[in-house]
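Novice: By the UniProt record's numbering, the letter at position 205 of the sequence shown is numbered 205, and the numbering carries on one by one without gaps.
These aren't lab readings, by the way, just hints derived from the structure by calculation. Any given hint might turn out to be false.
[Unchecked claim] As a list, the in silico DSS-like pairs of lysine-lysine whose alpha-carbon atoms are at most 27 Å apart:
#	residue 1	residue 2
1	K111	K154
2	K154	K57
3	K111	K91
4	K154	K91
5	K57	K91
6	K57	K111
[Unchecked claim] Pairwise CB distance ranges (calculated):
#	residue 1	residue 2	range
7	G280	A234	14 to 22 Å
8	L133	D246	36 to 44 Å
9	S204	L133	43 to 51 Å
10	P242	E208	38 to 46 Å
11	K57	F245	45 to 53 Å
12	E203	G164	56 to 64 Å
13	Q34	D246	40 to 48 Å
14	K57	G166	17 to 25 Å
15	S204	H168	40 to 48 Å
16	R207	D3	18 to 26 Å
17	P221	Y189	31 to 39 Å
Where is the CB? At the ideal position from N, CA and C, for every residue including glycine.
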Amino acid sequence: MSDLRGPPGERSVDDLLSFGVVNLDKPPGPSAHQVAAWVRDMTDVERAAHAGTLDPKVTGCLPTLLGEATRMAQVFLEGSKEYVSVLELHKPVPSDFDAVVAEFEGEVYQKPPRKSAVSRRLRSREVYDLDVLEVRDRQALLRIRCESGTYIRKLCHDIGLAAGTGAHMGHLRRTATDPFDDTALSTLYDLSDALAFAEEGDESELREVVAPAERALSHLPHVTIAYSAAEQVAEGAPVYAPGVFDADDADRGSLVACVTPDDAAVCLGRLVGDPESDSGEVVSLERVLV
Numbered sequence: 001m002s003d004l005r006g007p008p009g010e011r012s013v014d015d016l017l018s019f020g021v022v023n024l025d026k027p028p029g030p031s032a033h034q035v036a037a038w039v040r041d042m043t044d045v046e047r048a049a050h051a052g053t054l055d056p057k058v059t060g061c062l063p064t065l066l067g068e069a070t071r072m073a074q075v076f077l078e079g080s081k082e083y084v085s086v087l088e089l090h091k092p093v094p095s096d097f098d099a100v101v102a103e104f105e106g107e108v109y110q111k112p113p114r115k116s117a118v119s120r121r122l123r124s125r126e127v128y129d130l131d132v133l134e135v136r137d138r139q140a141l142l143r144i145r146c147e148s149g150t151y152i153r154k155l156c157h158d159i160g161l162a163a164g165t166g167a168h169m170g171h172l173r174r175t176a177t178d179p180f181d182d183t184a185l186s187t188l189y190d191l192s193d194a195l196a197f198a199e200e201g202d203e204s205e206l207r208e209v210v211a212p213a214e215r216a217l218s219h220l221p222h223v224t225i226a227y228s229a230a231e232q233v234a235e236g237a238p239v240y241a242p243g244v245f246d247a248d249d250a251d252r253g254s255l256v257a258c259v260t261p262d263d264a265a266v267c268l269g270r271l272v273g274d275p276e277s278d279s280g281e282v283v284s285l286e287r288v289l290v
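Using the sequences plus the hints, can you model the full thing?
Specialist: Listed below in structure tokens is the structure:
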């Protein structure tokens with residue numbers, strides 16, 4: 001088991017930094033890419049990856065993966081995101097505003113903006129919940145829980161068109177990126193201070209700020225596999241039924257996290273077989289994490 005990680009709660013600070021995640025509170029000003037680069041340089045790791053782009057002015061929840069954990073960045077495409085946005089209406093709020101907003105719950109069609117790095121093809125996204133929290137003058141405070149990849153700026157524009165007033169997005173803050181939310185955010189200053197304390201021998205602050213990377217997998221179904229199966233995965237083999245100890249309920253094709261009996265991450269993969277079977281492939285590999 002020399003190549004396998006130990007239990008997440010028993011790792012050294014160096015191991016934590018090489019396979020960890022920071023639930024970062026992005027400040028206004030820098031891009032998400034710039035923030036990830038600062039985290040990379042502060043922690044002295046080779047790579048750092050953020051969980052979904054935020055424009056420079058946007059603040060809030062930006063989970064940032066460290067070191068080898070960057071290989072699991074795709075997990076943030078599987079969960080939902082939540083935002084709080086100020087909608088700036090161009091005319092007085094209409095009397096049927098709540099009903100207009102409610103029409104945007106469900107499937108919406110969007111074309112990425114011209115500045116986007118992705119192809120500008122019409123695509124659908126799911127808005128799971130859309131609530132009007134407060135209305136004041138020509139401003140409305142919205143809470144939006146939606147599928148990853150939803151453009152909130154475009155959503156605000158479309159709500160303005162439907163309301164007959166015109167509107168644009170004002171301040172935007174991301175309050176959650178599955179499985180993280182804004183109840184336990186750390187700032188860049190928190191990270192800097194924690195690293196300084198760790199240099200002086202006090203690791204407690206750093207362990208509060210940097211979590212084992214497995215924290216980023218907590219919203220996925222888990223498949224627990226034998227250590228011998230984990231060693232085979234490290235060599236590129238898929239997960240076969242005889243190596244499966246236990247598995248959460250999941251649909252075929254779902255992204256799952258495979259872990260050892262002590263909860264150390266082994267790989268990400270797609271469920272392709274029955275975990276309770278006596279033979280056959282159960283999980284096809286997507287990312288090996290050991």
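Novice: 31 to 39 Å was suggested as the range; check whether the CB atoms of P221 and Y189 agree with it.
Specialist: For Y189 against P221, whose Cβ atoms are near 36 Å apart, the range 31 to 39 Å holds.
Novice: So the hint says 40 to 48 Å: do the beta-carbon atoms of Q34 and D246 match that?
Specialist: 41 Å, holds
Novice: Verify the proposed pairing of K154 with K57, using a straight-line Cα cut of 27 Å.
Specialist: 16 Å, holds
Novice: Assuming the hint says 40 to 48 Å, is it satisfied by the Cβ distance from S204 to H168 or not?
Specialist: At 45 Å between Cβs, range holds.
Novice: With respect to the beta-carbon atoms only, verify the hint that E203 and G164 lie 56 to 64 Å apart.
Specialist: 57 Å, holds
Novice: Determine whether the Cβ-Cβ distance between K57 and G166 falls within the hinted range of 17 to 25 Å.
Specialist: 20 Å, holds
Novice: What's the verdict on K111 and K154, does the C-alpha distance respect the 27 Å limit or exceed it?
Specialist: 8 Å, holds
Novice: Using the beta carbons of G280 and A234, state whether their distance is inside 14 to 22 Å or not.
Specialist: 21 Å, holds
Novice: Given the hint that K57 pairs with K111, test it: the Cα-Cα distance must not exceed 27 Å.
Specialist: 21 Å, holds
Novice: Given a hint of 45 to 53 Å, does the C-beta separation of K57 and F245 actually sit inside it?
Specialist: 47 Å, holds
Novice: Is it true that S204 and L133 lie within 43 to 51 Å of each other by Cβ?
Specialist: 36 Å, violated
Novice: Sort out whether K91 lies within 27 Å of K154, counting only the CA atoms.
Specialist: 18 Å, holds
Hint 9 from the list above is the single one not met by this structure.
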